[in-house]
Amino acid sequence: MINLFYISTEIFLSLSILILLLIGVFKKKSESFIYNFTCIILLVGLAININLIPQFPIDLFNNSYKIDYFTTLIKSVILVSAFLVMLCSLNYVKQNDILKIEYPILILSSILGMLVMVSSNDLIVFYVGLELQSLSLYVLAAFKRDNILSSESGLKYFILSALSSGLLLYGCSLIYGFSSSTNFDLIYQNSESIEYGIIFGIVFILVGLAFKITAVPFHMWAPDVYDGSPTSVTVIFAILPKIAALTVFINFLYGPFLEMFDQWQAVIIFLSIGSMVFGAVAAIGQKKLKRLIAYSSISHMGFALAGLSVGTNEGIQNSIIYLIIYLIMNIAFFCCLFMLKRENQYFDKVEDLSGLSKNHPLLSLCLMIILFSLAGIPPLAGFFAKFYIFTAVIEQSMYFLAIVGLLSTVIAAFYYIRLIKVMYFDEQKEKYDLNHSIGLKMILVISSTIILIYFINPNIINNFVLEITLI
Amino acid sequence: MMNFPIISSLILLPSIGALFLFFINSKNITGIKYVSLFVSIINFLISIYLWLIFDQSSYEFQFVENRVWIKDFINYKVGVDGISILFIILTTFITPLCILSVNSSIKNRLKEFLIAILLMETLMIGVFCSLDLVIFYLFFEGGLIPMFLIIGIWGGERRVYSAFKFFLFTLLGSVLMLIAVISIYWIAGTTDVEELYKLGIDPKYQNLLWLAFFSSFAVKTPMWPVHTWLPDAHVEAPTAGSVLLAAILLKMAGYGFIRFSIGLFPVASEYFVPFIFVISLIAIIYTSLVALMQDDMKKLIAYSSVAHMGFVTLGLFTFTQQGVEGGIFQMISHGIVSAALFFSVGVVYDRTHSRRINDYGGLVNVMPKYSILLMVFTLGSLGLPGTTGFIGEFLILMGTFKKSFLVAAIASLGVILGAAYMLWLYKRVVFGELTNQKLLKIIDLNKVELSILTLLALSIILFGFYPDPFSNTYSVSVENFLNEYNDKLNNYNLQNQ
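First to last, the protein sequences are chains G and S.
Under our numbering, the first residue of the first sequence is numbered 1, with each subsequent residue one higher.
Under our numbering, the first residue of the second sequence is numbered 1, with each subsequent residue one higher.
Chain S on its own, in the form it takes in the complex:
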């Protein structure tokens, strides 16, 4: 049983599903929906099974598969450790929900849309479990194609502009990473991540390589000042596209920071800490202020994503147990919360075709169920104790306090601003008088929407009170990760004395 290539089947299954969809007649809408839903749920169950048989007491990569791919050059190597497995589960958890949500939001070319979503799932899972830099790059960049199409074909009015901006920004960041990957191959003789962890990379190259990787991850995270593609892409993408973007695509970069930037270039990472701290703080404060001024709901949530990802980078680069764990937890939490928020916006957008906050108000009178669930998500986003958002932000701030009081104090302001814009959004949308006549006829959540949102709300509250399933999974890996990091740094310092 141990020889069964469980990771590869996780990666391949959605693609096989997509291939299967390709041959179904596009008029058979129910068939298409059920097939894709079935495939994605099976994938979710496999990933849960993977989590159950995953050995949490070991920091080693598990279920590793290593095959020759390009002869004498690159091996196809995949595997998971305590950090990556959580992102895989996040991916397989969010994808079926996206597929469920297409019922109301996608009117034309449903088959192609679901094929794109399933291909996206393959690529996203691939990113989180690849243990070879080239394989990682393939999956990381391959995601551009389906996402470009999702935004461009099924998006809103300015979809072309947004799709191009998304595509070119990300591509520009990534080509530098490609150069770095190839350079690593010639410097260290391999692109195998495990080998590279052992060998280490010569510190004199690390700063440049780190910057090359950073250029790619910074665009994808997105960090200030290259975040401008995100609000556009979010606003124009269809609901399921926004959800995938916010919940998973952004996490690919955060994961990349842990696995590659910090893991491979410890010396450079330490060197660039002040830089990361400064732009993370700018991201947190500046984008929170920008979010306050938005009159478009999706844009507001997009800017809040930038701010939340600023917390993530802040936490990761503290190199403390709490900070890194907090960064990982914040990513998972933001994956669930932002997905939920975008689903919620999608629900009202499908009914009124408006994303403007001013068009709403008093929804609590007509959509009570919706208002309750949106409350949970708002509180989750602003980090109320008892929700997942709190644990992430709290751990990050704790880790940051160890490093620098000033940075932590400024970052804490971001928490307050977060509460301000989220609560103000909630107030303007849900409370108040029902002034817009269109809203009188609006109907409350249907069964599918209710089940999607309830599932997300439950997981926000459940893991907010009981984060152990997650923290147990990653704590050993993070601990070992930081030990290795400190060892390498000490070695370097010893050599230089």
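Extracted from the complex, chain G is given alone in its bound form:
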């Protein structure tokens, strides 16, 4: 029974999903109720999760599931950001006619999948979690089924993601074949002598995971899927799977494959440099904000991977800090997107921002802070995220990575300040609506304020992360 106690967050979420499904089936017009209830469930799940922080790492179910400070922290981050995403996309979901009972339930089940992924200590458990997460997301991407773009993005995401899952599964089977176990700890013990089979397995697994966090060269799906999906789903894509997949990256690289550091380091550095540079260059020509943020997130994932490539605790911690700051910035950015609506029609082109500062000074001020922060200009939070990453990178004397990364921030700065130029220097257009939900406004103001004043006391966020020691 003690085993079940430690996974009460997951149990709670699964039970809630079942109950919500029943409510949805038997009660007519219960969409809003389920949506609101899901938000509450996420909060309760968060509360349960925080109370479960263990003093020392705990292994469950024959060592196939592990709970420690790191996984609990990441789960809390996932639950908080899921709650914020639900809260800020409420009006969008209502007005775009995608508020069906399945919508919140699918989100919940993908979150359940992420929690399982994060905690998994076994290839099979990991794969089950990954598939639960992905399957829910395929449906969500195509949720606006009358819209051709949305269907296309769902299909595209499904096919390419299935391909990557196949690769990943092939990698898993190679690992199993050459180390005769699916358990992470046993793989670690059995793979002390370097065998090519295991290295192949690692590469296939890394390819599959790189696909999930949209690292170059496995990024092709991201812009189309981001663009085609409803914005409320895009924000999920931009944040939640990335947290989970990056955590799995850490779990794999610094768990079973730690001995193989020399082998996988080159792969990660390649993914990182490719993402940073490509994300920065490709975003320049984009005309739609959602495509632009897709490329920007590709580039940001490159920075997070740079932190993972150094092989030190500082590197991991700094990647997590990067991820947290990234998700704050992205939630804030999408809040701004949700506010660009006029008579129930939402806008997502760069030119729609034209002259925003004249009509909506506060909104454009927030967006400006977010964009400068995404570009990594001090003293905003985004600068510190990059600063920490490069501190870890330069500690290991990886100057090439650091110089390429920082030069790519200069290229990236160009398209971020182009948006600021459009908002502040261009001619104004019609006004947008002002009747946004309080939740949306609160999230935007609070997250922009956090970005702005993070520099006053960086320890507040850092302290949570500094306790993570994996090596």
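Note that these hints are calculated values from the structure, not bench results.
Take these hints with a grain of salt, some might be off.
[Unchecked claim] Covered, in the sense of this in silico footprint (three residues per stretch, anywhere, with C-beta under 8 Å from a C-beta of chain G), are these stretches of chain S: (1) 149 to 159; (2) 379 to 387.
[Claimed, not checked] Calculated lysine-lysine pairs in the DSSO-like style (CA-CA distance at most 30 Å, straight line): (3) 358(G) / 33(S); (4) 441(S) / 421(G); (5) 349(G) / 288(G); (6) 28(G) / 94(G); (7) 165(S) / 94(G); (8) 94(G) / 156(G); (9) 165(S) / 429(G); (10) 27(G) / 100(G); (11) 299(S) / 421(G); (12) 299(S) / 341(G); (13) 403(S) / 33(S).
Ideal Cβ positions, reconstructed from N, Cα and C, are used throughout, including at glycine.
Position chain S against the provided structure of chain G, taking the given hints into account.
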């Protein structure tokens, strides 16, 4: 009283003022103006008070504040010595004048403009008193945001191009500096400047680190050939923006050269002296010649700024008492003179909306007061004895003569060229026939403009005749600075023999 964080309050006060402005209704224009003016004047008074209680006989950093900022990593450390305090006073002196000048030049979004100016002041003061490399970088780079907006929102026709050029040039230079800062942290174990002075940095890393810092400071100074953003930024920025750029932003790089490039990397600095001399000379001669050909007043003054900053780098890298003192004095002097010149251009631009020299001529007939003051600034810029410009250039040339006769001789040509383009500008704008009919109705300086320009003219003449208040402040620090520099260099040479 000594525990009162006077430097932090200097840094914070403008930001608090900006925050206060943020909550004032933007229709309340007089309120906004008075609040920002009040804040900046208070800041000026605090800095003067700081100067008065500053101990001029000590070369140590004074009023040092040291607090833990990022745990186990970086401390928030600020303090002033004889060199930095002068730049702080220059900043707090120029900012209220900029705020005063917005009356006529800024028509829309006044509140946001003043917020940007006040934030700029915070960041600029921060740059001059930070004693930690990371803190310095934060302030140095943070200045990009308000300046980008000042040029982009309130600038002229090609403002977008100029703002982007300014932003990207500076950012590109600075990211390399960031890598160097982090490397220093791992090489020496700290980013605390005072500690680093004591510890010294391993000479084998110095050349690369020096180049990384140089890439940032060279763009900001600006040195030839990366000066091209400056004329564009100056021409398009509103008057107050140009003034801030010329008077203070450019000095951040010059100050950075003293404090970091030379202070931290003496061996590398000595190694790169010929390089600096060559590009400084090119800057002086080439940009002076370019300035001669300009038909836009602001562009002409911008190119003259590049030439004057060429003198500054020349002086700093002579490593002689006169040269370094001259470089510092030249920066202060150029801060005042170029601010005055840009204000003067702003005055006529507000009236005629033209910066073309050919549109003017014969202004002396209609604007006598203006013509007299512009005369003072022109003479200050070309370095007539009795103005601040003379002392700076004279000391620099003296220091350079000690090092190399040839370099000094070529640099002296720059002084002559400077006189040529400035006097020619003055002749074309002020003297001659009043041909442009528009100019007949032009009115002379109003009270605010007159007081701004008179204040600047007085300080140019006063400190030109009596430079002691400045030179007393920095001489002890410079002397100690050069002693330490020579000690470190000798140690290195001894080790290598």
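Taking the hints in turn, this is what the structure says about them:
1. Beta-carbon proximity to chain G at under 8 Å applies to 4 residues in the segment 149 to 159 of chain S; the threshold of 3 is reached and the given coverage holds.
2. Coverage of a stretch by a chain is defined here by at least three residues with a beta carbon nearer than 8 Å to that chain's beta carbons; for the segment 379 to 387 of chain S and chain G the count is 0, and the condition is violated.
3. Between residue 358(G) and residue 33(S), the direct Cα distance comes to roughly 21 Å. Compliance with the 30 Å bound is thereby established for this hinted pair.
4. Using a Cα cut-off of 30 Å, the hinted pair residue 441(S) and residue 421(G) is violated, with the two alpha carbons roughly 37 Å apart.
5. Between the alpha carbons of residue 349(G) and residue 288(G) the distance comes to roughly 4 Å, so the proposed pair stays at or under 30 Å and holds.
6. For the hint pairing residue 28(G) with residue 94(G), the CA-to-CA distance comes to about 17 Å; that is within 30 Å, so the pair holds.
7. Taken as a hint, the residue 165(S) and residue 94(G) pair is broken in the structure, with Cα atoms around 44 Å apart against an allowance of 30 Å.
8. Among the hinted pairs, residue 94(G) with residue 156(G) is consistent with the structure: their alpha-carbon atoms are about 25 Å apart, no more than 30 Å.
9. Restraint check for residue 165(S) and residue 429(G): satisfied, since their Cα atoms lie roughly 26 Å apart, inside the 30 Å limit.
10. Restraint check: the Cα-Cα separation between residue 27(G) and residue 100(G) comes to about 13 Å, which is no more than 30 Å; the hinted pair holds.
11. Taking the CA atoms of residue 299(S) and residue 421(G), the gap is about 24 Å. The hint holds against a cut of 30 Å.
12. For a cut-off of 30 Å, the pair hint linking residue 299(S) to residue 341(G) is broken: about 44 Å separates their Cα positions.
13. Straight-line distance between C-alpha atoms of residue 403(S) and residue 33(S) comes to about 50 Å, which puts the hinted pair past the 30 Å bound.
Going through the hint list in order, the structure does not satisfy hints 2, 4, 7, 12, 13.
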